[in-house]
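For the record, the sequence lines run as chains A and B. Heads up: the first sequence begins at 1 in the working numbering, then just goes up one per residue. Heads up: the second sequence begins at 1 in the working numbering, then just goes up one per residue.
Fair warning: there could be bad hints in the mix.
[As the list claims (entries may be wrong)] Derived contacts from chain B toward chain A, CB cut-off under 10 Å, selection only: (1) Arg18; (2) Val134; (3) Thr145; (4) Thr194; (5) Leu196; (6) Pro220; (7) Pro226; (8) Leu233.
[Unchecked claim] Computed beta-carbon distance windows for the label pairs: (9) Asp110/B / Glu117/A: 56 to 66 Å; (10) Asp49/B / Glu136/A: 25 to 35 Å; (11) Ser21/A / Glu242/B: 27 to 37 Å; (12) Glu242/B / Glu117/A: 51 to 61 Å.
No wet-lab data here; the hints were simulated from the structure. Because the structure is a prediction, the values reported are computed rather than measured. We put the beta carbon where it would ideally sit given N, CA and C, even for glycine.
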Amino acid sequence: MRIDCHCHVARSFEGADWTNSDLVEAADRLGINLLCGSTPITHGMPTPDAVREANNVTLEAMGEYPDRIYGYCFINPGYLKASMEELERCILGEGMIGVKLYNQYFANEPVVFPFVEKSIEWGVPILIHAAHAMDEDTRRNQPRLSDGFHIAELARIYPEATLIEGHIGGGGDWEWSLKAIRRVPNVYLDTSGSVVDEGMIEKAVNMLGAQRVLFGTDCVMEGGVGKILGAELTDVERELVFWRNMKRLLELRKV
Amino acid sequence: MIIDANTYIGHWPFRRLRYNTVEGLVKLMDRCGVDKAVCGSINSVFYKDCQEGNEELAEDVDEYPERIIPFATVNPAYVAWREDLERSVKDLGMKGLRIYPLYHNYSLADPRLGELLKEAAALRVPVEIPLRIVDVRQRHWMDVTRTLTLDEVAGLVKAYPENHFILLNGIGYEKTQFAEMKQNNYRIEISRLTVLLTKTIPRLIETLGASKLVFGTGMPFSYPEPALLKMELLEAGLEVKEAIYWRNLAEFLQ
Chain A
1 MRIDCHCHVA RSFEGADWTN SDLVEAADRL GINLLCGSTP ITHGMPTPDA
51 VREANNVTLE AMGEYPDRIY GYCFINPGYL KASMEELERC ILGEGMIGVK
101 LYNQYFANEP VVFPFVEKSI EWGVPILIHA AHAMDEDTRR NQPRLSDGFH
151 IAELARIYPE ATLIEGHIGG GGDWEWSLKA IRRVPNVYLD TSGSVVDEGM
201 IEKAVNMLGA QRVLFGTDCV MEGGVGKILG AELTDVEREL VFWRNMKRLL
251 ELRKV
Chain B
1 MIIDANTYIG HWPFRRLRYN TVEGLVKLMD RCGVDKAVCG SINSVFYKDC
51 QEGNEELAED VDEYPERIIP FATVNPAYVA WREDLERSVK DLGMKGLRIY
101 PLYHNYSLAD PRLGELLKEA AALRVPVEIP LRIVDVRQRH WMDVTRTLTL
151 DEVAGLVKAY PENHFILLNG IGYEKTQFAE MKQNNYRIEI SRLTVLLTKT
201 IPRLIETLGA SKLVFGTGMP FSYPEPALLK MELLEAGLEV KEAIYWRNLA
251 EFLQ
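Chain B with its partners taken away, still in its complex shape (with noise of 0.2 Å):
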C-alpha cells in the first residue's frame, strides 16, 4: 500500500501542469502504483474566497473515494473560515486541512492561525504545510518570493502539540531544530529528501525514527518516479517501508 501525502488538482497559473485533474492525477498514481493520495486545490491558493476551490475539489473527487483523500484549503485570514472549516469536514468530508501562509499572507506567528490550529485540533484533522509549492528559483514574477523556512515552521510545530502537522516540499531537516524534534506532532514528506550521497533520509531515520517520515510525490507539478526510486533504494526493512508508504500517514488520518 501506497499513499501519497503530496498531491494537488486545479489551475497553477505560471506553468502549464499536464494531469492537473483529478482524472490525470489518477492516471498518474494508476502509473506509478500509488493507491491513495492527499490532495488538495490549487485553485483555493489562488481565489480570494478559497472556499470555492475546496468545493470544486469536493465534486471533482466525488467519483473516487478510495483513492483520493481531500484536504481543505483553509485561510485564517479571510472573513468566516470557521464556517469554511465547518463546511469542508463535516459537509464535504475533508480529511484535513492545508495551509499556505505566504500565499495568503499571513505570518505563522498570527493569531488567527493560532485560532485556525485550534479548530482543527478540535476536529482531530491533521495540517499539511506546503513549505513552497515551486522552486523559488524559477518563480513567476507575480508569484510569491521566498520559501517557508524550517525554523519558523518549527516554532509552529511546538507551540501547537495538540495538532497533528504534515510538511510538505522541506529540505534539510537534518541541519536544524527538527534534528532534535522527538515529539509526534509532526511528520516529514520525503520528496526532496535523498537517500544516496547526502542520505538524508537515512539520517533522519537514524535520529528521528523512521515514524516521521511519510511518503509524498509532489504531483503533478513533480515526476513521481524520483520518490518512488527513493524509497526502492531505500535500504531499510519491510516494517520502516511501510511505514513510511502508508503508516505514519494513516496514523494521522484516523
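Chain A with its partners taken away, still in its complex shape (with noise of 0.2 Å):
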C-alpha cells in the first residue's frame, strides 16, 4: 500500500503533456494506490475565478479516476469570501480532502488565520508548497514562499492544525526546514521532490519521528517511491511513511 500525499493531476504544469491516465498507470507500476493532487496556480496573486478554474481541474481528474485520485483545495487566501466559499465548495460539495496553499502568502501571515481555523473544523490538513530556498532564482520568483519556520510559526499559534510542510525533496535546503519544524508536533513533513539526497529520509525519520512523515512524490514518480526503497528504514517505519500516516490523517477529517 502505498499513498502519495503530494502530486498533481494533468494540465497542473506548464508544458506537461502526460495525462491522468499516465499518471495512474505510474501510479499502477510503483504501487501506488492513491494519489492527493492539486492544481495550484504558482506565480501572482491569482484570482477568485482562476483558482475555480484551477481547482476544476483537479476535480475533473478526481471524477474521472475517483478511487484512485483525491484531490486539495487550492486557494489564494487573499480573498477571504471568495476562498471560503471555494472550500465550501470543493471539500463540503465534492469531496476534497484538504487544503493546498502555494506561494501568495508567508504561511503564517494573518491572512491564513480563516482559513487554518475553518481547516481544524473540518479536520482537514492544509498542504504547504514549501522551501527554504538558497537561489536567486528562487528567491525572485518566489518571495514569499514559506519554509519550515514559518510553518512552525502557524503551527505554534495552532496546534490542532494539521499541517504538511510540502516537498522536503523539492529544492531547498532541507536540512533547514527539519530543524525548524523538529520541535512542533502538528507539522508533518512529505518527501516529495526531485532532490534524493542519500541520508535526507533516514535523517527526517530520525528528527521528527517516523509518524511524522508522509510519502509524496510532486509528480517526481521513480524518484520519490526510490527514495523511501533506499532509505534506511524499518518495516515499520517504513511503512507508516509509505502509507499508514496519511491514512490516519485522512481519517481525522470530520466532514
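Once you've looked at the hints, go ahead and assemble the two chains, each given alone in its own frame, into the complex.
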C-alpha cells in the first residue's frame, strides 16, 4: 500500500503533456494506490475565478479516477469570502480532502488564519508549498515562499491544525526545514520532490519521528518511491511513511 | 553487469555525507547490486592543488581494482596541469577525467580547457562533466551559484569531436540541441532522467538511440535506488538495458 500525499493532476504543470491516465499508469507501476493531487497557480495573485478554474481541473481528475485520485482545494488566502466559498464548494460539496496553499502569502501571515481555523473545524490537513530556497531565481520568483520557520510559527499559533510542509526534496535547504519544524508536533513533512539526497529520509525520520513523515512524489515518480525504498528504515517505519500516516490524517476528517 | 558512471568519495564541505569513503561506497554498491563504479574525488573539487585529491583517490581505491574505476579531476586553470594529467593517467592508472569549470572558475570557452581536451583525446581517456554536483536551490551560501547549461556543454561536445564526453547529473536534454545531436562522442548519464510520466529516457532512446545513455546514480550524494528503479521500469529489451547498464560506458573506457 502506498499513498502519495503530494502530487499534481494533469494540466497542473505548464508544458506537461501527460494525462491523468499516464499518472494513474505510473502509480500502478510503482504500487501507489492513492494519489492526493492539486492544481495550484504558481505565480502571481490569482483571482477567485482563476482559482476556481484551477480547482475544476483537479475535480475533473477526481471524476476520472474517483478511487485513485483525491484532491486538495487550492486557495488564494487574499480573498477571504471567495476562498472560503471555494473551500466549501470543493471540500464540503465535492469531497476534496484538504487545503493547498502555495506561495501567495507566507504561511504565518494573518491572512491565512481564517482558513486554518476552518481546516481545524473540518479536520482536514493543509498542504503548504515550501522550501528554504538558497538560489536567487527562486527567491526572486517566489518572494513569499514559506519554509519550515513560517510553518512552525503557524503551527504554534494553531496547535490543533494539521499542517504538511511540502516537498522536503523540492530543492530548498531541507536540513533547515527539519530543524525548524522538529519541535512542532502538528507539522508533518512530505518527502516529495526531485532531490534524492542519500540520508535525507533517515534524518527526517530520526528528527521528527516516523509518524510525522509522509511519502509524496510531486510527480517525480521513480525518485519519490526510490528514495523511500532506499532509506534505511525499519519495515514498520517504511509502512508509516508510505501510507499509514497519511491514512490516519485522512481518517481525521470530520466532513 | 552494472557500471555506475557517477560516484564520488571524499569530504563534501556543505553537508554530512554517509558512505563517502571507498568502503562506504562499495557497501552501497553491494546493497544495490552495482558491480563497478566510475569514481572521482570530492576533495579534488575543493583543494587548490586538485592533484592531491587524485593521489588520495588512487591510494583509497587501490584495494578495489575490480570495483572502482578512478577518474582524475584536472583543473586546466591551475599551474602544471599537464603534469597532473600525465601522473594521473600514466602512473596512477586513472581511466578518465572529470572537470569542474564552475568550481575551478574557468569557462567552457577557455583555451586552457581546449588544451586539456586535446591532451585527453591524445591519451584516449574520456572526460566526465558533472553539470552540477548538488541542486543549486539548496546550495550552501559559499557554493557555486549556478548549474552548467546544456547549451554550453553541447557547444563543447560539438567543438571537440575527438573527445569522448560523459555528461553527469543533467536534465532536459530532450528540449535542447542534444535532441538532434547524433554524433557518437558523448554519453548522457540517467540519474536525473525519468521513465514514467515525463518519460525522458524513452524519448531520448527514440530520438537518439539507446547508445547515448549510461547508467549512473550519484552515490553517495544520492540514493542509488531511484536510478535502479528507472532501469527496472524501463520497457526495453535486454540488449538495450545492457547497453545502458554498462556497454555504452565500457565502450568509452576501452
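Point to revise | Hint numbers contradicted by this structure | key: none
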